[in-house]
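Visitor: The lines below spell out each chain.
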Amino acid sequence: MDIGWYLAVSAIVFAIGAGGVLTRRNPLVTLLCLELMLNAANLALIAFSRMHGNGDGQVFAIIVMVVAACEVTVGLGVIVAMHRRRLPIDVDELRELHG
Amino acid sequence: MQTLAWLVLILPLAGSLVSALGFRALVRVSPRLPGVVGTVAIAGAFACSIGLLVKLQDLPADGRQVVFSAWDYVVTGGVDARLSILVDPLSVFMALVVTGVSMLIHLYSTTYLLSDRGYARFFSYLNFFVFSMLVLVLAGNFVILVAGWAFVGAASYLLISFWYRRTTATSAGIKAFVINVVGDVGIVLGTYFIFRHSHTLDFLGTFSQADKLPQGSLTAGLILLLVGAFAKSAQIPLHTWLPDAMEGPTPVSALIHAATMVTAGVYLIARMWPLFEQAPGAADVGSAIGLVTLLVAGTIGLVVTDLKRVIAYSTMSQIGYMIMAVSSGVYVGGLFHLMTHAFFKALLFMAAGSIIGAMAGEQSLDRMGGFRRAMPFTFLCFVVGGLCLAGIPPFSGFFSKDEILSFLGDRGGWYWALYAGGYVGALLTAVYTWRMIFRAFFGEPVPEAAELERGHLHHAEVHVNPANGEVEDTDVGFPGPDHHIAERSLPMKVAMGLLAIAATVGGVLQIPFGATDAVDRFLAPTFAGSRMFEGVHPSDGLTLAGMVLGAAIGLLGIAIAYHVWVRRPGTSAAIQARFAGLHRLFVNKWYFDEAIDALLVRPAAWLGRFFAQTFERLVVDGTLVGGTTGVISAASATVRRLQSGFVRAYAALLLVGLVAVSLYFLLQT
Amino acid sequence: MSAVLFFIAGLGAVAGALGVVFLRNAFYSVLALVCHLLSLAALFLLLDAQFVAAAQVIVYAGAVMVLYVFVVSYVSDASAAMPVGGVGRTTGYLFAVALAAELMIAMLGSGLKAIDSRGAHFAAGFGGPGQIGELLLTKFLFAFEAASFLLLMAAVGAVVLARRRGGVVEEPGRPVLSVMDLIREDNLGSMAEAVNAGHGGER
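Chains as they are written, first to last, in our numbering: chain A, 1 to 99; chain B, 1001 to 1669; chain C, 2001 to 2203.
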């Protein structure tokens, strides 16, 4: 298939992920949607790497995976801490940090 | 000669600093030491002035105006401000008068204020005053003149408020200072008006261009300078501070408010004669104000009951004569009268101090009487001073006053009005002077006089402020516990005696009909080229008529005073009842204080209150400060609503931003 | 053949994504994401990125998703059904659609000719672990080291976040003095006062 098709899939998945971030109230699902966006970016990177014919994009994608893993770690740690303190696991309820 | 000139200035300043810095140390050595330091400093300055006189006479007649410059302040951009002094006959004349009289007053004060806790402070201030006055008279350019002018005002304030815990004294000091500041503003503005056309601040440079200065600016500038002269010399309408200034100790009144500071205006007009002769309008203003002052002050002097205030109004009146004289071109007459007036007025004030001492601080004529037998020396001094003031020959006051009036008569035209007014004023002068003398020394001795005849000086058990009866103590800031009279104090006697001799024989310097004209010849180099100086000479007939008229009026005045206050004691009460309206006008000092209060003080106070309460509250705090903060608070409140704490909103903003940026780049390509 | 595989994997990816967003239960969303990740791995294979595909399955689908499953189980309360959205739900969807449209336009309208091709000619070993390893240790060494540092920080952060602690404990009645308390004047509205007032107010 042409590279363009892969990019189209990447764009659609990215947009779906963005919609999920804007819409879902459960912070866990928000993080999942963030993962969707990261993966879409990975797909685009791999596609371009294939397009150019060198491995730079793939290395970039691996680093992105590392970052995603770290982010998930810390994010889930925050959610666990929230659960420990008996706070509601709802993004709309937690809005004390305002001006 | 340059050394002598600078020493004249430096010695009083050094005396002031020594007394100021060492006030504790000096008093521990000897209680009189600050006084001795002060007197010696001024004596040194006097000796240097005599040296200057001698050296000046050695110079050729057309080279007797010498300028010495110590350093430059600002000499660039069209301004030439230097620390320069002008040594010429006029300034040496003034320096001699100032240092001579103040030397004797310092001598008098060494005893007069001996028990006062502020003894050293007094001499420091007094020396500083003499220094300032010498700066003023020796100034060689407008900058130093203004500096001296301001210093003299400051010294006057310090000395009037010398007994600073007395509210009447401090109020008087503030009043004097504020009115003097009005004069200072006039001098500075006047200087500007003249400077912008002459382009030099130097006196001699300005005078050489006198005929090239445009008339309008020159007249305006000179009238502003006259405002300064009137404030300093207590002429109407800036005269209200002088009677109140009698709150200061008597030596202060003698030195500043009789002999020296108030003559600064006369000196100014005489010094600026080239400019005044080019602007006759300004000169006429000076003459007119001088006439009005001498008459008004004379009328007020007839009714005041405070001894020092009588002498103060007499000073105002005599300065009116001098201002009238120098404004009308009678320079020698005015300056000679300045010198003789310094002698006999200082003498009168010193003698008044002696009587006030005998009365333990009481100054009201109503409570005095019959001191003739108790205080013969003081009485003699009063008589000498009174005869000079009334213009009786052969005393000095007669020659100086008649010289002024006969020269005025010679000028003719509207100056005859000045001539007539001058003689009316002379009559008033004689009357109020001898009223004072007769009331204080004749009649039944009051209890204090009787006590003194028995050999005991009256002491007050409770010290009070003579003006308003407030109880005081004798600690620092109030007069000391002891009072001194001339009869018991040698320094006071020496000082008063020397002044009495000078007042008596001083007339010999300038006897008319060409007998002697020492003052005239001495001052000639300063006034060389003056139309008035060279052109106005009264004829012998006019001079003789004037002398006879003057002597007659003086004797008439003494006779009237004798009749009203000695022969028929009830006469003055009868006259008061008959002319009650006039009496009220004179007693209220022609309502000048009330007028100034209504016209200037109240509106200023109202303006201040308005700004403090209303303007400050509404405009500054409300609109400017409150408005600014309000706008900023509202703006930040609006912006703050973006920070909702709502995570999805933040994500939405992020995405919107991303979309917008990519759209921008997309549209570009 | 590859086209068929592409369409299957692509549909799987999109379906998984939609499942993540629209499924109510968080657990189901996790499972949908796993499906999406596996489809993505297939797509990577189609693009000759073998190593990345393997890493995707092992690391992402294997480790990260397992972590997610643990946390979702720990945190989720079965009775609490979280409604989707709330405020601004439609706007969110609209944004997503707008974003998709824009990205498609960007992609289609770009002048990149190579998009229409199947990719450049590549050497053997492309996408293999050897090539990736070599790149990581030579050209992208700094990124490699930084990534490892990042992993370290994440690990420490996770430990810190998850440990039991109850907040700053202040013994009542024993205020802690500092030099600033001695120097600073009272009632000037400083930050320290605000903090202390908050603490005092709470107690």
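No lab work stands behind these hints, which were simulated from the structure alone. These numbers come from a predicted model, not from an experiment. Be a bit skeptical, because a hint or two may be false.
Stated by the list, open to error - Going by beta-carbon spacing under 10 Å, a handful of chain A positions derived as facing chain C:
#1 Ala11
#2 Leu43
#3 Phe60
#4 Val72
All residues carry an ideal CB built from backbone N, CA and C; glycine is no exception.
Visitor: Run every hint past the structure and note whether it holds.
Guide: Structure-based check of each hint:
no. : hint  : verdict
1   : Ala11 : holds (4 Å)
2   : Leu43 : holds (6 Å)
3   : Phe60 : holds (8 Å)
4   : Val72 : holds (5 Å)
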